[in-house]
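Student: Residue strings, one per chain:
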Amino acid sequence: MTTGTPVIEVQHLTKRYRDTLAVDDVSFTIEKDTIYGLLGRNGAGKTTVMSILTAQNFATSGDVRVFGMHPYENAKVLSRMCFVRESQKYPDDALPRHAFASARLFFPNWDQEFAERLIDEFQLPMKRRIKKLSRGQLSAVGVIIGLAARAEITFFDEPYLGLDAVARQIFYDRLLEDYAEHPRTVILSSHLIDEVSNLIERVLVIDRGRIVMNESTDAVRDRAANIVGDARAVDAFVAGREVIHRETLGTVASVTVLGRLTADDRAQLAAAGLDVAPVSLQQLIVRTTQHAAESSPAASGTIPADIDEGALR
Amino acid sequence: MIDEGRALFLQIAERLEDQIIDGTLPEEAQAPSTNELAAFYRINPATAAKGIAMLVDKDVLYKRRGIGMFVAPGARERLLGERRAAFADRYVDPLLVEARKLGLDADDLALLIRDRASAHGAVTEGNAR
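So the sequence lines, in the order shown, correspond to chains B and E.
At position 37 of the first sequence the residue is numbered 38 (the working numbering), and the sequence of numbers has no breaks.
At position 95 of the second sequence the residue is numbered 1240 (the working numbering), and the sequence of numbers has no breaks.
Incorrect hints may have been included.
What follows is a set of in silico ranges between Cβ atoms, one per label pair, in the way DEER data are often shown [to be verified]:
id	chain 1	residue 1	chain 2	residue 2	range
1	E	D1204	B	T6	26 to 36 Å
2	B	A278	E	L1249	23 to 33 Å
3	E	L1257	B	E182	27 to 37 Å
4	E	R1259	B	E182	52 to 62 Å
5	B	R267	E	Q1175	27 to 37 Å
Okay, derived cross-link-like pairs now, DSS-like style, lysine-lysine, Cα gap no bigger than 30 Å in a straight line [as the list claims (entries may be wrong)]:
id	chain 1	residue 1	chain 2	residue 2
6	B	K77	B	K133
7	B	K128	B	K77
8	E	K1208	B	K33
9	B	K90	B	K33
10	E	K1203	B	K33
11	B	K33	B	K77
A short, non-exhaustive set of chain B residues, derived as facing chain E with CB atoms under 8 Å [said to hold, decoys possible]:
id	residue
12	K33
13	Y180
14	L275
15	P279
These aren't lab readings, by the way, just hints derived from the structure by calculation.
The structure displayed is predicted, hence computed values, not measured ones.
We put the beta carbon where it would ideally sit given N, CA and C, even for glycine.
Can you make the complete structure from the sequences, with help from the hints?
Tutor: What follows is the structure, given as structure tokens:
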């Protein structure tokens, strides 16, 4: 739970691959014992940021501190972090038990009993080589290591690929249960925003190499609304407000506005016969990133700071 | 079970208030713990804790050190008062808006309500027998 103590501090982090800017002058902090959702489109820079934080990739410039220290070749830091990669490679002849045995050696808080319970629940075939496992079973290996390692900071990079709905629910349930008993920092990158929206305490949205949102999930939920009704009445209401999305059907308009609605606003809406529909976290993030893209003069370039902020507030 | 778009901790607090109002969670009874709420609603424990903290601030729940949260004496009465005060805004105003749209005036509505109320009364009596 949020304590206000940062475990990760990132200052002006930039990562450039030849001619592409994967991470663009990003600064943020990650608080202790909090579950974060790291959300963003493919290629937004999620995996790059996580690899740099876990010292599996180098920054072009900027400063990264984990537990107040530099993570590179720093065993004191690395054994306290676990990075579950979507594309984790294992030796050709490795069995799942080899992967678990090395994890057990590496992570000081490893819980073998918990690992075995998870192996049962995910019905992981222990005698088959990892290379021969299905995509879902391979994901299960990563999820089991990430959970049973009980590292102080755990990164899950889209850990659910190939996992069916039942297996994903097992993952979410065990994560919440174990987090409640052993609070720690978890950074969960996901496309399935609606599935994880109730698990995460803070939302970190990355869009084209920039952090465009870093705030509590509750605050995000409250900050936009869909106004639906007669187009003229809707327009009259939204005048002067920040509109991030607009759809019309005949004379009916549905407009997403940013900003918390006051009691006065609600009374005004009721009097005008307009409906207010909530905006889900997924809709809000899709619309915020779309809005930023539309406002940006150069579609593939960097976003000017003022427009970026406009999309946020 | 949980609707999107509204702060989750408010929804958790409201669920607990509903249980206190309808008597499933009587005064001086122990309220569910943060972790129980988190597991049941599948939400982050910090969110559940925020909902409980809100009810403690409102004097609906109180803490017994080392044991847990309990429903405060007089909580039900206070919640009833609060909900009754909000009733007109939450239910009557939208009803009037819809009625006006359909060309029903206040008298038509009053008649409808009395009519429905007696129908409900008959059903309840029927069930009681």
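Student: Against this structure, judge whether each hint is valid.
Tutor: Comparing the hints with the structure gives:
Distance hint for E:D1204 and B:T6: a CB-CB separation of about 31 Å, consistent with the stated range 26 to 36 Å. Hint check: B:A278 to E:L1249, Cβ distance near 25 Å, so the stated range 23 to 33 Å holds. The hinted window of 27 to 37 Å between E:L1257 and B:E182 is violated, with their beta carbons roughly 54 Å apart. Between E:R1259 and B:E182 the CB atoms are about 55 Å apart, so this pair conforms to the stated range of 52 to 62 Å.
A hinted range of 27 to 37 Å holds for the C-beta pair B:R267 and E:Q1175, which are about 36 Å apart. Only pairs whose Cα atoms come within 30 Å are accepted, and B:K77 paired with B:K133 is rejected, the gap being roughly 34 Å. Our distance criterion of 30 Å between C-alpha atoms is broken by B:K128 and B:K77, whose separation comes to about 34 Å. For the suggested pair E:K1208 and B:K33, the alpha carbons sit about 26 Å apart, so the restraint of at most 30 Å is met.
As the CA atoms of B:K90 and B:K33 are separated by approximately 29 Å, the hinted pair is consistent with the 30 Å bound. Among the hinted pairs, E:K1203 with B:K33 is consistent with the structure: their alpha-carbon atoms are about 28 Å apart, no more than 30 Å. A hinted pair counts as satisfied when its Cα atoms are at most 30 Å apart, and B:K33 with B:K77 qualifies at roughly 17 Å. Interface restraint check: B:K33 against chain E, minimum CB-CB distance 12 Å, threshold 8 Å, status violated.
With 8 Å as the threshold, the beta carbon of B:Y180 comes within range of chain E, its nearest partner Cβ sitting at about 7 Å, so the hint holds. At its closest, the beta carbon of B:L275 sits 10 Å from a beta carbon of chain E; the interface hint therefore is violated under the 8 Å criterion. Interface hint status for B:P279: upheld, as the beta-carbon distance to the closest one in chain E is roughly 2 Å, under 8 Å.
Of the hints listed earlier, those the structure fails to meet are numbers 3, 6, 7, 12 and 14, in rising order.
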